[in-house]
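Based on the hints, put chain B in the right spot on chain A.
Protein sequences, first through last, are from chains A and B. 62 is the number that my numbering gives to position 62 of the first sequence; each next residue is one higher, with no gaps. To convert a position in the second sequence, counted from 1, into my numbering, add 276.
What the hints contain is simulated information worked out from the structure, not anything from laboratory work. Backbone N, C-alpha and C fix where the C-beta goes; we use that ideal spot for every residue, glycine too. Errors might be hidden in some of the hints.
Unchecked claim - Cβ-Cβ distance ranges computed for the label pairs, FRET-style: (1) A:Q272 x B:D290: 47 to 53 Å; (2) A:V276 x B:E309: 56 to 62 Å; (3) A:V264 x B:E309: 28 to 34 Å; (4) B:G333 x A:E23: 21 to 27 Å.
The chain contents come next:
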Amino acid sequence: MLTYDYVKCENLKQAFEQLKSGEQVFPLAGGTDLMVGMRGGKFAPRLLVDIKGLEELQVLKEDDAGITIGAAVTLNQVALFEPIIKHAAPLAEGAHSVGSYAIRNRATLAGNICNASPAADTAAPLYSLAAVINLVGPEQKRSMPIEEFFIGPGKTALKKGELVHSVLIPKPYPQGKGTYIKASRTGSVDLSTVGVAVQSWGDRVRIAVGAVAPTPVRALQVEKAINEGGEKDWAKAASLVHEDISPITDLRGSREYRYHIAEVLIRRGLEQTMGV
Amino acid sequence: MTKKITINFTVNGDRETREAIVGQTLLKFIREELNLKGTKEGCEIGECGACTVLLDGKPVNSCLVLAVELDGKELTTIEGLSKNGELDKLQQAFIDHAAFQCGYCTPGMIMASKALLQRKPNPTDQDINEALSGNLCRCGAYQEIREAIKASTKK
Chain A
1 MLTYDYVKCE NLKQAFEQLK SGEQVFPLAG GTDLMVGMRG GKFAPRLLVD
51 IKGLEELQVL KEDDAGITIG AAVTLNQVAL FEPIIKHAAP LAEGAHSVGS
101 YAIRNRATLA GNICNASPAA DTAAPLYSLA AVINLVGPEQ KRSMPIEEFF
151 IGPGKTALKK GELVHSVLIP KPYPQGKGTY IKASRTGSVD LSTVGVAVQS
201 WGDRVRIAVG AVAPTPVRAL QVEKAINEGG EKDWAKAASL VHEDISPITD
251 LRGSREYRYH IAEVLIRRGL EQTMGV
Chain B
277 MTKKITINFT VNGDRETREA IVGQTLLKFI REELNLKGTK EGCEIGECGA
327 CTVLLDGKPV NSCLVLAVEL DGKELTTIEG LSKNGELDKL QQAFIDHAAF
377 QCGYCTPGMI MASKALLQRK PNPTDQDINE ALSGNLCRCG AYQEIREAIK
427 ASTKK
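Isolated chain A, as found in the complex:
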């Protein structure tokens, strides 16, 4: 058994004090990645700072700004929140595809993006919805688009001692259809081999792909062909994704398979959201 300290925080001020108290201090929310990582030797904490009880991190609301999802909100809460199902379908579907029901009762949206796996099933949806990440530190708050938050595998824009406070799906919402389509080895409890989020509005579209590059990426060439070039042949548009991605071969799939399946999933996503 690992030995470390544990502090259950009452407020953010206390959390920041603990977070800067030394090296190897980890914030704990859902803990589903952290627990597995500690057991596998990936993390060796000296102190865990439990922030999941903080009321301001449990916020899940819709207001004039859009939908705000606090850092302690679980993936089941995200997947079942009516405004998300209605206005941010890729996120509802992506959240629902993570792990299993029991995992999603603990795992949080913020944790999923802080773990910064290129295959994170909520990340591509957040790219497709132009989500904003609100960060909070001991001195200041700052916000950034999701695309600036992801830096590389396991790397985010978070500075030492800083926390994700919440994720915002900004208004105006895209008035169209959205979907998240995932290819994985098993129906659940598996990371995606490739995950594609498509959000349309009118005849325009935003597309993001997971597990095909060091971070999730936008399928910008596909978007350009449709949004600027007026391309209506979805198969032809989807084939342009090869220019946007740089997949690797790993235990979930080969580089070639990922190129192929990314194209197929984008075509299906376009058919589902923009019509055949």
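Frame of chain A; chain B shown alone:
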């Protein structure tokens, strides 16, 4: 040095105050400190569901929760389902439908099913597959498990 924290919680309806070792999983705490051996240890990485318990009524993998996180919560384990020596309807249905061979996954299956029935009293096959997608049965009793769950709602 092993650090301990005092935690207050409810287990199967009884209020308890115990010392929990920091770093111990809820799974180990249930088995070794509370001496409730019904909850099983399988993969220890949240993939098999053998350790499923209800925390504030919701199913969680107890191998992915720390014992100290139990503070202020309500815990239900498989031992908490029978009342006055009588098995819960769901437990009886698992026996009647032979919904296991070795039985190792059964406590986790039953706890996940119990939570499903609380949110969907008449689940479809799809609902069951979805709710139990994180519970593996290596004997492959899935068909009988679905039948047992559906039968338990009819009596």
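A quick look at each hint next to the structure:
1. Take A:Q272 and B:D290: their Cβ atoms lie about 51 Å apart, and the range 47 to 53 Å holds.
2. In this structure, A:V276 and B:E309 meet the distance hint of 56 to 62 Å, their C-beta atoms being roughly 59 Å apart.
3. For the pair A:V264 and B:E309, the beta carbons lie near 51 Å from each other, so the given range of 28 to 34 Å is not met.
4. A C-beta distance of roughly 38 Å is found between B:G333 and A:E23, which places it outside the suggested range of 21 to 27 Å.
In this structure, the earlier hints numbered 3, 4 are contradicted, and the remaining ones agree with it.
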